Amino acid sequence: MSLAVDTLAFAYPGADVPLFSGVSFRLAEPGFHSFFGPSGVGKTTLARIIAGDIAAFSGEIDAGDLARSLYSHNKERLPGWSGVARHLERVVTPALHGRMAELIAIFGLGECIDSRFDQLSMGQQNRVNLIRYLLQDCDLLIMDESLANVDERTRERIILAIKAMFPQRYFIYISHNVVEVAKFCQDILVFRGRGKQPQTALVRGCDMRREGDFSRAALDATLLEIMNAA
Amino acid sequence: MLPRRVLQFLIIYCLFLGLLLALKYGLALSDYVIPAPSGIYQTLLAEYRNYSLATLNTMAVAVIGQILAVLMALGIGIAGRQSTWLGSFIKVAAYNFQAYPIVALAPILFILLGDGFLTRLLIAAMICYFPVLLSVLGIMSKPIDDIEHFYRATGRMRWQLEVKIRTFENLGQLTTVIAGSATLAMAGTIVGEFIAANAGIGYSIRIALYQSDLGKILIALFLIGITIAIYQALLESLGLVVKRAWTGR
Numbered sequence: 001m002s003l004a005v006d007t008l009a010f011a012y013p014g015a016d017v018p019l020f021s022g023v024s025f026r027l028a029e030p031g032f033h034s035f036f037g038p039s040g041v042g043k044t045t046l047a048r049i050i051a052g053d054i055a056a057f058s059g060e061i062d063a064g065d066l067a068r069s070l071y072s073h074n075k076e077r078l079p080g081w082s083g084v085a086r087h088l089e090r091v092v093t094p095a096l097h098g099r100m101a102e103l104i105a106i107f108g109l110g111e112c113i114d115s116r117f118d119q120l121s122m123g124q125q126n127r128v129n130l131i132r133y134l135l136q137d138c139d140l141l142i143m144d145e146s147l148a149n150v151d152e153r154t155r156e157r158i159i160l161a162i163k164a165m166f167p168q169r170y171f172i173y174i175s176h177n178v179v180e181v182a183k184f185c186q187d188i189l190v191f192r193g194r195g196k197q198p199q200t201a202l203v204r205g206c207d208m209r210r211e212g213d214f215s216r217a218a219l220d221a222t223l224l225e226i227m228n229a230a
Numbered sequence: 001m002l003p004r005r006v007l008q009f010l011i012i013y014c015l016f017l018g019l020l021l022a023l024k025y026g027l028a029l030s031d032y033v034i035p036a037p038s039g040i041y042q043t044l045l046a047e048y049r050n051y052s053l054a055t056l057n058t059m060a061v062a063v064i065g066q067i068l069a070v071l072m073a074l075g076i077g078i079a080g081r082q083s084t085w086l087g088s089f090i091k092v093a094a095y096n097f098q099a100y101p102i103v104a105l106a107p108i109l110f111i112l113l114g115d116g117f118l119t120r121l122l123i124a125a126m127i128c129y130f131p132v133l134l135s136v137l138g139i140m141s142k143p144i145d146d147i148e149h150f151y152r153a154t155g156r157m158r159w160q161l162e163v164k165i166r167t168f169e170n171l172g173q174l175t176t177v178i179a180g181s182a183t184l185a186m187a188g189t190i191v192g193e194f195i196a197a198n199a200g201i202g203y204s205i206r207i208a209l210y211q212s213d214l215g216k217i218l219i220a221l222f223l224i225g226i227t228i229a230i231y232q233a234l235l236e237s238l239g240l241v242v243k244r245a246w247t248g249r
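Heads up: the protein sequence lines correspond to chains W and X, in order. The opening position of the first sequence corresponds to residue 1 in our numbering, with each subsequent residue numbered one higher. The opening position of the second sequence corresponds to residue 1 in our numbering, with each subsequent residue numbered one higher.
These are computed hints drawn from the structure, not numbers from a lab. Treat the numbers as computed from the prediction; the structure is a model and nothing was measured. Errors might be hidden in some of the hints.
[Claimed, not checked] DSBU-like mimics (lysine-lysine), calculated; alpha carbons at most 30 Å apart, straight line:
{"id": "1", "chain 1": "W", "residue 1": "75", "chain 2": "X", "residue 2": "164"}
{"id": "2", "chain 1": "W", "residue 1": "75", "chain 2": "X", "residue 2": "142"}
{"id": "3", "chain 1": "X", "residue 1": "142", "chain 2": "X", "residue 2": "24"}
[Stated by the list, open to error] Distance ranges between label pairs, derived from CB positions:
{"id": "4", "chain 1": "W", "residue 1": "14", "chain 2": "X", "residue 2": "245", "range": "43 to 51 Å"}
{"id": "5", "chain 1": "W", "residue 1": "196", "chain 2": "X", "residue 2": "161", "range": "42 to 50 Å"}
{"id": "6", "chain 1": "W", "residue 1": "14", "chain 2": "X", "residue 2": "152", "range": "24 to 32 Å"}
{"id": "7", "chain 1": "X", "residue 1": "245", "chain 2": "W", "residue 2": "12", "range": "39 to 47 Å"}
{"id": "8", "chain 1": "X", "residue 1": "245", "chain 2": "W", "residue 2": "17", "range": "49 to 57 Å"}
{"id": "9", "chain 1": "X", "residue 1": "7", "chain 2": "W", "residue 2": "176", "range": "53 to 61 Å"}
{"id": "10", "chain 1": "W", "residue 1": "111", "chain 2": "X", "residue 2": "101", "range": "26 to 34 Å"}
{"id": "11", "chain 1": "X", "residue 1": "104", "chain 2": "W", "residue 2": "119", "range": "48 to 56 Å"}
We put the CB at the ideal spot given by N, CA and C, even for glycine.
The following block holds chain W by itself, in its conformation from the complex (with noise of 0.2 Å):
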């Protein structure tokens, strides 16, 4: 089972030159990768393009036994006709709403979760949405900035739960904090500045799985190769 990407390449419809091109990577195992970038260089695009939302690019996406992907993103609501927990019991399968409310308790939602969608700060929402996604059945799960305005410890305690829950899963978190990528991801596709060739590299990053469970030099190595490659 693996991920496999080979020289895409991508324009919007009447852009002169291609948002990315030659972008070839591979996610051989799963857990956590991510995108890493600055914002504008094609994170989301590459994203929607392997969920399948996108269909006209060039190149070769091999996602082998990943037969279902999904992408999420930080400005998806939920509907407002009725309360949160309503709304995930029914989008989740009855045989998963143990799992379903262990994450809530982890993820800090349990004094809002009867709340309407819109009543909740954006941190929350974006933890809610997450939760939905998670409960699907799909073996990639893409997570746009899905936790972003959430505070730095409660977004560190999510990730490392959601890599124990779902060892089997992949999962690529795209983010702007190079602290957070370089520290819980395994393979990091940093897009380099507009005119670098070749356009994409892929760097290792630290892949913490528990709390501590990293080493302080293999972090810098890493924040440094990132640097290196952005």
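Please build the complex by placing chain X on the supplied structure of chain W, with the hints as guidance.
Using the frame of chain W, we list chain X on its own:
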């Protein structure tokens, strides 16, 4: 909401009446052209009952016509929301039809169906149907991507859910359009009655016109205005009740 609507109407009506009286006294027009306030008051006392019943008759036709129009517009608008051949056809047909003045078709209906209830009802429904349809088509054709994405991506999207999401997200706009179409339905009914019907306040205005009795027309306008103001306020209140029940706010 109701007092505000009624007050707004009374202000406009009084300004209009004041302007007419200013014209009358400024240009020294006779009571035959513009009656004096005492004449208008006498007409009010004499015609109040008949004209009120005629206005209620017209209002009943307008309300039924509006309900028909809204139901049809919702049905066709929901069917025409998709980017399929049928959806595009419905949209193009709706845009073309609404460009045609429906009032011009009224004589055909009177010739074919006579001057009874059904003809007035059809004219009322047709006049308020197309503006409502265009709004519903606009609302239903526009995806709410940040909500719908999840349901599409996970294969949970059904047409009922899609319609529910788009209706919920545009509830305020829909309420405004439906409340606004009440005026169109009333105008349509009155125009129909004015052309050839045998009942309703439009018919009464036609008789008053033949008699050149501006006093009666002013009373009729007052009753029409106050009735529409009350009806629109009721529709807006109903919209608020639905919104509160659905959104919890």
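To see whether the hints hold, each was checked on the structure:
{"no.": "1", "hint": "W:75 <-> X:164", "in the structure": "holds (20 Å)"}
{"no.": "2", "hint": "W:75 <-> X:142", "in the structure": "holds (17 Å)"}
{"no.": "3", "hint": "X:142 <-> X:24", "in the structure": "violated (53 Å)"}
{"no.": "4", "hint": "W:14 <-> X:245: 43 to 51 Å", "in the structure": "holds (46 Å)"}
{"no.": "5", "hint": "W:196 <-> X:161: 42 to 50 Å", "in the structure": "holds (45 Å)"}
{"no.": "6", "hint": "W:14 <-> X:152: 24 to 32 Å", "in the structure": "holds (26 Å)"}
{"no.": "7", "hint": "X:245 <-> W:12: 39 to 47 Å", "in the structure": "holds (43 Å)"}
{"no.": "8", "hint": "X:245 <-> W:17: 49 to 57 Å", "in the structure": "holds (52 Å)"}
{"no.": "9", "hint": "X:7 <-> W:176: 53 to 61 Å", "in the structure": "holds (55 Å)"}
{"no.": "10", "hint": "W:111 <-> X:101: 26 to 34 Å", "in the structure": "violated (59 Å)"}
{"no.": "11", "hint": "X:104 <-> W:119: 48 to 56 Å", "in the structure": "holds (51 Å)"}
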